[in-house]
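S.K.: Sequence:
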Amino acid sequence: MSIAKTYNPKEAEEKWYSYWKANGFFRSTPDEREPYTIVMPPPNVTGVLHMGHMLNNTIQDVLIRRARMQGKNACWVPGTDHASIATEAKVVAMLKEQGIDKKSLSREDFLKHAWEWKEKYGGIILKQLEKLGASCDWDRTRFTMDPELYQSVIRVFVDLYNKGLIYRGYRMVNWDPEAKTNISDEEVIYKEKNGKLYHLKYQVEGTDKYIVVATTRPETIFGDTAVCINPNDERYTWLKGKQVIVPIVGRKVNIIEDEYVDLEFGTGCLKVTPAHDVNDYELGKKHDLEFVDIFTDEAKLNDNGLHYAGMDRFKVRKEIEKELEEKGLLEKVENYTNNVGTSERTGAVIEPKISNQWFLKMEDLAKPALDNVMDDTIKFHPTKFKNSYRNWMENVTDWNISRQLWWGHQIPAYFYGDGNDDFVVAQTAEEALSLAQQKSGNAGLTLADLRQDEDVLDTWFSAWLWPISVFNGINEPENEEINYYYPTQDLVTAPDIIFFWVARMIVSGYEFRGQLPFENVYFTGIVRDKLGRKMSKSLGNSPDPIDLMNEYGADATRMGMLLTAPAGNDLPFDVELCVQGRNFANKIWNAFRLVKGWEITDAPASESDKISASWFEARFNQALAEIEENFKHYRLSDALMTTYKLVWDDFCAWYLELVKPAYGSPIASETLDTVTSFFQRVLKLVHPFMPFLTEELWHDELFGAKEEKDCIIVAEFPKVKAFEEQVIKDFAVAQQIISEVRNIRNSKGISPKVALPLAINQQSDIDLGQYIAIITKIANLESVTFVTEKVAGATSFLAGKDECYVLLENNVDVDAERERIEKELDYLKGFLVSVDKKLSNERFVQNAKPEIVENEKSKKADAETKIKILQESLTALG
RNA sequence: GGAGAAUUAGCUCAGCUGGUUCAGAGCAUCUGCCUUACAAGCAGAGGGUCACUGGUUCGAAUCCAGUAUUCUCCACCA
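Numbering (the UniProt record's numbering), first residue to last: 1 to 878.
Computed cross-link-like contacts, SDA-like style, restricted to lysine to any residue with a CA-CA straight-line distance of at most 20 Å:
no.: 1; residue 1: K180; residue 2: Q404
no.: 2; residue 1: K777; residue 2: Q736
no.: 3; residue 1: K252; residue 2: G241
Derived by calculation from the structure, the hints in this document are not laboratory data.
Work the whole structure out from these sequences, hints included.
M.R.: The structure is reproduced here in structure tokens:
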């Protein structure tokens, strides 16, 4: 029998993933066990796996696997988001390629195409998640537009409307001319752009004077309905009450006064375009100005744009500069950088625009959501995100929830007349009809008279219900599932959607369930490249996680993601991390190969085997306690590192070397049992991080015959047990002796094959005798003797308080030896001085805690002992 | 403009309520080894005024103030 020298991930991954699935290990149904629930942040239905998903879902899988092994009823709900604007944009683009214009389609036909697209490309990402080992309950896969979830959204809308929290308003919104919809403030990304500041001349009516107005958007002069000055601006006192003429347009507009105008900026004169600027809009309302809309939905000039009608806004900007120049109305043009709002989804420059939209009042809803995060009922990891959460929640504005799109949940408002208020809100058209009949007093209305609002709801208006709606808790608030799984335990997500999503889920949790949606929120970092740049398609700096998994294996890639991912920190990703993961997988694989190759004998376990076992037992529990502590604080990379070191250093480098039989010799069956039992426990610790490798090894006959369902994925995770710290401390002295001997070999160029004699002059009260066999074996010693006097002509070292001597033929370098001892003496004396200084300081002795003073005293005694030993050695050297 | 966070070894980060000479880990580097589990490995080593300046304290990487640099979020002035 020969076992491959390196671990081959590919085979194991396919085999075990389907095995787990076939055996239903991912499935969860309510039972008497404690639930542990995670709802997956639903990726866009048309998305493909990127590094962010890889990180996010690896973390969730680690958490869910651990919980499952701890005997909880682990339920990880996967799903996808319909991603209204993003998906619709893709479908529109796809149709365009086929020569189909969205405008030429009916809503119904368009949706048919969209659903086809969804069926074809939707869920690719979920398939990809399987590759990384995601142990989701796939039977629970949800889509935000599934009938149940669709129904939930509609129900919630009606409910909030009836509570008076949803209203329809004619407001200024952020218009995305490319997607031809409005978007919420959160979806506007401000980017610094190089533009120009145009200084335009407005003639003062009835005079030949001009005033100069600075603007970055000269094309908006068609919408100017006032020019505003600061009432305290003495430069312009003469202007008060006058009118000016808008260039090209020829419109006479009033000079208005408002302290909003910054005296310092530009010329101190502000052109006011109430229909196309947020601040001007406010001014317009305040001063009762006319609102002149000058753009079409595609941000081309409309008829108000006179001879520019039909031309794109940016083209107009260029053209109008020429015209103004020609007419002598352009004083100057300066280069200017300013922040321009762009659409998160399409990147198009946002055009402020006034239109009828639906809003959700947030102020009251936000209150419980804010309080329960601030008092840690819901815990954020790391806590620093509480700050920005509070900031946002305290200044929350009404949520614009309508979108001028077709792909999504259509707003359940039905119009029955032409007036702005001639509508009713209801779950079905039938209900709407009877409401409409009542409201209008017209019993003759029929379904045909109703027109449902064309708009759909913001994607986040369905996503915010996710932890509830996946269990159908909106439609059936008392069903068994929602009562069992809700509130969920952990949410793992990126901090950039804290407002879009996390905050709103908390709001909806308290509003619709009266309690928190999850107990903990783990904010992952943002995956960056080595140069610290965000990974993105356009930069081409993002590795494809699928490629990484093909090259290094899923386990190694998972580990690579986690190694550098403390919560909330950005994650500078480097493929070297996957290499480290691969090496680790290989290390475990080879430990297995080693143990697997041992022959067995019936002879009883040796004393040193037992000593080694009791040491590893203690060390294992010590590490496990650390791991638990790390998990408790959601320090996953630390938990992984502790596991890594336990396996590599303690299990492989120490324990296996200790019990490893000499070449050609068999191992005591008793010892082998201990080894395999440790090995299995170690595999369990590793499993949440590296599920495939551990499952593969688990089933080897080395670890005993297994029933079909006896898999590590459902094996019991080790529990923390008390351990003897003294065992670990004592053993550390043996480890130090071994390490010192190796060091001597290294520095003197002595081969590890040459056995050396060691003498120990013991001063400590440790039972060193028990370690003789171990030290002899690992350090390759010829003999170990205990002496009570200095050994002349030997190379010495201190292990704790015990002085050790290695007698080397032809290798006595007295000078080097003296130098070494003197160096150590210097160090110890310095140490002693600092300790003495403290102890002789009365204020220290008085003020410091007693145990700290005690500690200092024992440090002093320790140092004095060591100094004495070293000084004697020095004398002995002559 | 407002708010928050960070600055510790070449890199990425630990270091919790001041107290072991507290300066750590992993990776990378260097030296020596193909030792019969693993060169994807083994053994060993080097490497840091804890950003700077003050202050509080018996005692500061740790607490406070200021300075510098970086990052994030929010707002967005034409």
